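Top line first, the protein sequences correspond to chains B, H and F. For any residue, its number in my numbering is found by taking its place in the first sequence, counting from 1, and adding 1. For any residue, its number in my numbering is found by taking its place in the second sequence, counting from 1, and adding 1. For any residue, its number in my numbering is found by taking its place in the third sequence, counting from 1, and adding 1.
Treat each hint with caution, since some may be false.
Identical copies carry no separate label here, and so any pair may be met within one copy or between two of them.
To be verified - Listed next, the in silico SDA-like pairs over lysine to any residue satisfying Cα-Cα at most 20 Å (straight line):
id, residue 1, residue 2
1, Lys-48, Gly-316
2, Lys-48, Glu-239
3, Lys-48, Ala-108
4, Lys-48, Asn-134
Quick caveat, the hints were computed from the structure, so don't treat them as lab data. Quick caveat, the model's predicted, so the values are computed rather than measured.
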Amino acid sequence: MHSNPQLSKNGELQHLLTIEGLPATLLTQILDTAQSFIGVTEREVKKLPLLRGKAIFNLFFEPSTRTRTTFEIAAKRLSADVINLNISTSSQSKGETLLDTIDNLEAMHADMFIVRHAQSGAAHLIAQHVAPNVHVINAGDGRHEHPTQALLDMFTIRHYKREFANLRVAIVGDILHSRVARSQIHALTTLGVPELRVIAPKTLLPAGVENLGVHVYHDMQRGLKDVDVVMMLRLQSERMQGPLLPSAQEFFKYYGLTAEKLAAARPDAIVMHPGPMNRGVEIDSSVADGPRSVILPQVTFGIAVRMAVMSILAGN
Amino acid sequence: MHSNPQLSKNGELQHLLTIEGLPATLLTQILDTAQSFIGVTEREVKKLPLLRGKAIFNLFFEPSTRTRTTFEIAAKRLSADVINLNISTSSQSKGETLLDTIDNLEAMHADMFIVRHAQSGAAHLIAQHVAPNVHVINAGDGRHEHPTQALLDMFTIRHYKREFANLRVAIVGDILHSRVARSQIHALTTLGVPELRVIAPKTLLPAGVENLGVHVYHDMQRGLKDVDVVMMLRLQSERMQGPLLPSAQEFFKYYGLTAEKLAAARPDAIVMHPGPMNRGVEIDSSVADGPRSVILPQVTFGIAVRMAVMSILAGN
Amino acid sequence: MHSNPQLSKNGELQHLLTIEGLPATLLTQILDTAQSFIGVTEREVKKLPLLRGKAIFNLFFEPSTRTRTTFEIAAKRLSADVINLNISTSSQSKGETLLDTIDNLEAMHADMFIVRHAQSGAAHLIAQHVAPNVHVINAGDGRHEHPTQALLDMFTIRHYKREFANLRVAIVGDILHSRVARSQIHALTTLGVPELRVIAPKTLLPAGVENLGVHVYHDMQRGLKDVDVVMMLRLQSERMQGPLLPSAQEFFKYYGLTAEKLAAARPDAIVMHPGPMNRGVEIDSSVADGPRSVILPQVTFGIAVRMAVMSILAGN
């Protein structure tokens, strides 16, 4: 396997598949480009002609209103033509293989695929298959990665904290099943966060997570002690009753973010969540809607970050 | 509760939530603006740049192909970017609350929400929640109101009858469950229709309907006597077998509009229906497709009226 | 019945409903217009303003991601506004009739309807109903016709073989249920292909197929002997276990296109398939992905052909 299939030989981004393996300079280039788009979304007319005439396919093999919508908005702001395809895996299994579907859409002169798929590696598979002028963005693959989410998170942290070099950051919740967490850990490490913690029960931690360069905590009071950034994760509802967790109530008691637990963090700590939130499970409403929450700015920055990724890919 | 949350302090329309409480001058302003758009829809190129770069969200919590489509067409004629979100209440109940969904879409720089929801007051709730630069249009909330339908009906009546001051108007059918009827009654009363009648069986009339300024009839022959305008309502299929009605056939016998019953109205009376029609239940095909039907012009005027509402809101 | 409802009195194309009955000059005009669009899809900015401000409705009463998408892309390349309506026949049966739906969409100033429907003749019915300035394209009706598929097939054949006058062409598979095959047979015959063969088991051939001007073969070796073009058909999965066929495996053994069977054809024969393919049922992957396959170019040409049909209709 190619060490980094998303980079061209001269190091340009061809696809955005993972945060793992991307150099800090490239992450910073994306954040800087996103910064230049922030003004656009606040102008009266929010359109830029950068992707005019480009055909962008939102290929969602898993349902996702929110992520699909942010990509659709970002693409339309860049004047692209957007085609939404929600492909259930059942209809997929009936006939064509995934790569036949891709071949056909590429034959329709697709310029870019935004792919969400339940199987880890699906976006990689597509990226290895398409012609050199076609770009692929991973919008979440199985438990693997969700790179644009991590990038918008980095944008948010940089916006509020200016630099990464002195930060103490904690990621809280279901690390085991979270593609968001994996992407966040790679991004924070690459951008030079000196102290990165994960806080979770043992049953929701992947084996060998320490090897990713994180400190493991099972206790919120200790884990949140003096952190600058608290990054909550979503708990999938199907796991709330499962063998890994006693119950949603129990989870909230020990790992739900309340004002009381948050008091252990630094007074200017920010609170993040990738959404959609389970209020009363991962996070208390008083914190989610409180003065230290930057959850809605995350969404806003997500548009600019996705515009940045799309325009960088289209330019390469 | 604020007496009229849809108006700004200086009386400008911020949201369109109800017809109730809107002054006649404002209704007339909307109809006049719609009139100015009629020419546009007949031009070779039907686009106006008034909403270019604006992001308009069609938020439909109840399925509706027809109303959603007319809003989508109206928005595209004004050069807006339209995002369609069909959100089933089941998926809604799984995770995020309604207001979390709205917060997120607003964080994506939504400029306008078109909302249909099974619960009365949903559009109000959203309007009270959003930032001052975001506008909400109620596209039907529970049994409460459907204001753009009433406005296109007023446009249609004014088109064919010129003024409201001398008209006798009858609304026929399931008044009890109809948000359309409620909006129509408020609009007709506000615009000065001197004689407004409702015709329905007792089981399909709301308690105290007389207090809205209407005359109640249970008999079509008497109720339609010398009216200028007949406004039929749709009978929801789930009610055709219910305890409120003996059967669809029975309903048609007594309250279905036939040429014979229509003979009681004035010779130049117009026949309206908000669609979709149940032919042979509320209305006979000979009347629906007959020379006095203005049912299809209603649809056409609906585009111009929705363009008018959107452009007035965006301008305020 | 009018001999050819899709042509105006002076022979101009008003609707595209069937290939049957269209003169060769008109088919050639469409192919030539499509040729002029090929360059557009390879340009950096792929937009032409020919249909700017036109409202095109994708009316799909049967699900079809692929065909709907190609029409959507073609319409957007021509700068039209596209409204996608996926109407299940169940919701259709609930309320409005098909023609009421059409009347309403027409009242919204639709300029063109792209119609797919399970019932043969549905597009005809709509074309006979709409106003003279509204155009209808049949995107597949029951077992009847799928004219744009046949046109893109003709474009493909002309692209690779230059002319139709000396060709030997074989259509292979489930002729009986295939609207694609019916359209192909009419197109190939009209364009002057001197020898047209169909290869299928007796149970998958319509009665009297010889009257369409084709030679019938039940054996692949003989049927493919010296042909220039092999046109495979899709086998509907619901028929693979039915009384007409022993099994998918059995079908592949006798009628699946393998390299071995293809050896009977001319050395420069091309292999076509309308997609989506059932690999290992109608066609072996080595052939589908092999050097003589033109299956993906078919898809690409399909965009240009649909742009051609739309722009010709809009201009007439």
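Consistency of the hints with the structure:
{"no.": "1", "hint": "Lys-48 - Gly-316", "verdict": "both (17 Å within a copy, 19 Å between copies)"}
{"no.": "2", "hint": "Lys-48 - Glu-239", "verdict": "neither (40 Å within a copy, 45 Å between copies)"}
{"no.": "3", "hint": "Lys-48 - Ala-108", "verdict": "between (28 Å within a copy, 17 Å between copies)"}
{"no.": "4", "hint": "Lys-48 - Asn-134", "verdict": "between (24 Å within a copy, 18 Å between copies)"}
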